[in-house]
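Asks: Take a look at the letters that make up each chain.
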Amino acid sequence: MSYVDHAQSSYENVARHVPESLRVYLPILPVMTLVGVFILYPIAQAIYSSFFTKSLLQPDQAEFVGLANYVEIWTDPDIHQVLWNTAIWVTVGSLVAIVLGFLMGWLLDEKLPYTSVASAIVLIPWVLPRVVGASIWQFMFGGSQGIINELLVQIGIVDEYIVMLGSTELSLWPPIIGMIWRLAPLFALLTLTSLQGIDEHLYEAARMDGATPWEQFRYITIPMMKYNLAIGFLLMLIYNVRNFSMVWVMTKGGPGVSSSTLPVMIYRSAFVDFEVGFASALSVMLFVVLLVFSYYYIQFYDKVQGEMS
Amino acid sequence: MTTQDTDPTAEFRKNQSWLYDSKAGGYVRKTAIGLLTLLIGSFILFPLYWMVVTAFKTTSEIQQIPPTVFPNDFSFEGFRLVIESSIQAGGYAGVVQNLFGVTVTSAIDINLLGLVLSSLKVAVGAGVIAVVLGTGASYVLSRRDFRGKNLLMSLLLASLMFPGTAIMVPEWELISYLGLFNTHLALVLIYGAMTAPFVVWLMKGFFDDFPDSILEASRIDQCTPFETFWYVLVPMARNSLIASFIFAFLLAWNELVFALTLLDNSKFTVPPGLLTFVQGFNTQWNVVAAASIIVSIPVLAGLAYIQRYFVQGLTGGAIKG
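These protein sequences, in sequence, are chains A and B. With my numbering as the guide, the letters of the first sequence map in order to residues 14 to 322. With my numbering as the guide, the letters of the second sequence map in order to residues 513 to 833.
Only chain A is shown next, with the shape it has when bound in the complex (with noise of 0.2 Å):
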C-alpha cells in the first residue's frame, strides 16, 4: 500500500464518522488546532490576565482587580518614556528605512549588470539571525573599540570616544539605526518588484505625451506602486513597534528606560519584575496598536490581490 493509498485510507476512515457538509473542515483542522493552541489561547489568556494581579512567582494566587492594570499603565513612572521611544521608533525608524529603502530599490532597478546578486547580497542584513545583526552593531557602537566612534572622529564630528550605548540620551539611536539597516533591504525589495511589475509601454505613452521625468514619477510610477507601498509601510510600522532583538542585544532597553519600548518593557515586567497582570496590560495595549495596522494591512492587501487578478 502506497504512501498515498494510506492517508486516503486513514482519510476516509475518519471522514466517516464526519457529516458530509462539515468534511471540507478536516484539512483545516490541524492547522487551526496548532494556531489555535499556541497562538489564539494565548492571546486570549493575555486578555483575560490582564484584569488580574497575578505574580509569576505564586500563579495561583491571583486576584481579580477589573481594570486597575490598565490604570496602573498611565500611572507608571516608566511609561511616558517607553511610550515616546515606541512613537520614535515606528515614525523616525519606518520614515528613514522607507525613504532608503524606495531610493535603494530605485536602483536596483536601473537595469545594470548584476541587479539580481546585488538584490540578494541587499536582502542579507534583513535574513542574517537578528542576534547576529544586533551584535554586529553592539560591536561598532561598543564604546572603546567601536568603529562608530573612530568614524565621528575622524569626519570631526566629535572630539573623543563618547560612551552611546550606556548614556541615557543617545542609548535609543544606535538600535533604531540597527532597526533601520535590517529593515531597508525589505522595503527596497518591494519598490523593486513593484518598480518592474510597471509596464514599460505606459512610460513611452507619456514621453510622447510630452511628459516630465519628474511628471512621470508623479503621475504613472506613485500611483502605480501605491498599495505596494501602502503594503510596505504597514510592514515597516508593524517591524518597528513589535522590535525586541535589537534592543535587548544592543541595550536591554537601558540605562534606566531610555531606550526601552513596550515590547521591551513588556518582556521586563513579566520576566524581571514578575507582574504578569500589569504585563498583560500592556500586551494588551500593543495588540490594539497592531490591529489598528494590521486592519489596515488586510484592506490594502484585498485591494492589491483584487487589482493583480
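Some hints could be false.
Reference listing, derived: stretches of chain A covered by chain B, where coverage requires no fewer than 3 residues with Cβ under 8 Å from a Cβ of chain B [what the hints assert, rightly or not]:
id: 1; stretch: 34–41
id: 2; stretch: 44–51
id: 3; stretch: 83–95
id: 4; stretch: 135–142
id: 5; stretch: 275–282
None of these hints come from the bench; they were simulated from the model. Just so you know, even glycine gets a beta-carbon here, dropped at the ideal spot from N, CA and C.
Mind docking chain B on chain A? Use the hints.
Replies: What follows is chain B alone, placed relative to chain A:
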C-alpha cells in the same frame, strides 16, 4: 530613414532640463547615482564587512585604538577558538584525541556545534510541521467555498501579527502546563504554529493560480482527490513548497524570545546561545564574529536558493518578524 531623428523620446528630451539634455548633465546624473549607490551600499555592507574582518583579527588587534580597517595579522584565532571550545563543550575531546592525537583544551565556553544542532532540530521540525499542515489547509481554502472561510483566513492572518513578547507569559504557562518546558518539541510546536498561517497564505496563492484543466485531466484519468493532490499538485508546487519550508526554517533559526524563555542553557538554540556569549564577561569579539559567520551560512544558503520566491512570499502576506 534613421530612427535617431524620428525618436519622439529624444525629441522631447531636448526640451527637458540640462540634466537629460547635455552630455555634462549625463555625467552629473551618473555621478549623483554613483555616489548615492556608494553611500547606501556602504551603509548596508559595511557592518557585514566589519563582522568578517573582525573574525580574522587577533584579540589584541581588536582592542587596539583606533581600530584597524583591515586586519594587520590575518589570523584564524576566532574560528579556532570556536571549533575547539565546541569540541570540548560537546564532549568530543576524547574522540578527537584518539583519532588525531591532538589534545583540545579551550578557555572559552561556547558550544556552537551543540547550538547549531539544536537549532537545526527545531527549525527542520517547525518547517516540516508548517508545510505539511499548511499545504493541506491552503488547498481547501483555495478550491472550496464554505461558511466561515473568511473568518478562518482573517484569524490566520491576525495570528501572524502578534509579537512574541506580548504572548510570552501565557505561552510560558501553557508550555509548563503541557510539561514541555525546556524541550525542543515546545519550540517546534510554537514555531510551527507561527509559520503555518504564513505557509497557508503562500500556498493559497499558488493554488489560486493553478489551472483547472490539469485537475480536470487527472479526474478524467480517474485519480482520487488524494492521488491528484500527491501526484499532480505536489510535484508542480515543489518550488512554492520549498520556499515555504525555507521561510519557516529561517524564522525558527532566528527566533530569540521564545527560545530564551522556554529553554535553559543546556538546550539553547543559536540565538539565545549567541546572546549569552555576547553578553558574557569580557566578550571576545573575534570569536563572536567567527561564530556569527558560521551560524549565518545556512541562512545565506537558504536565501540564495529562494531569492526569487521572496517577493512572491512577501506580497503574499508575509508578516513574520
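Asks: Next step is simple, just say for each hint if it's right about the structure.
Replies: Right, here's what the structure says about each hint:
1. With 4 residues carrying a beta carbon less than 8 Å from a beta carbon of chain B, the stretch 34–41 of chain A meets the three-residue requirement, and the given coverage holds.
2. Only residues whose beta carbon comes within less than 8 Å of a beta carbon in chain B count, and the stretch 44–51 of chain A has 6; three or more means the coverage holds.
3. Taking a C-beta to C-beta cut-off of 8 Å, the stretch 83–95 of chain A contributes 0 residues in contact with chain B, too few for the three needed, and the coverage statement is violated.
4. Proximity of the stretch 135–142 of chain A to chain B, defined as three or more residues with a beta carbon under 8 Å from a beta carbon of that chain, is established by the 7 residues found.
5. Only when three residues or more bring their CB closer than 8 Å to a CB of chain B does the claim for the stretch 275–282 of chain A stand; here the count is 4, and the claim holds.
In terms of the numbered hints stated before, the structure departs from hint 3 and from no other.
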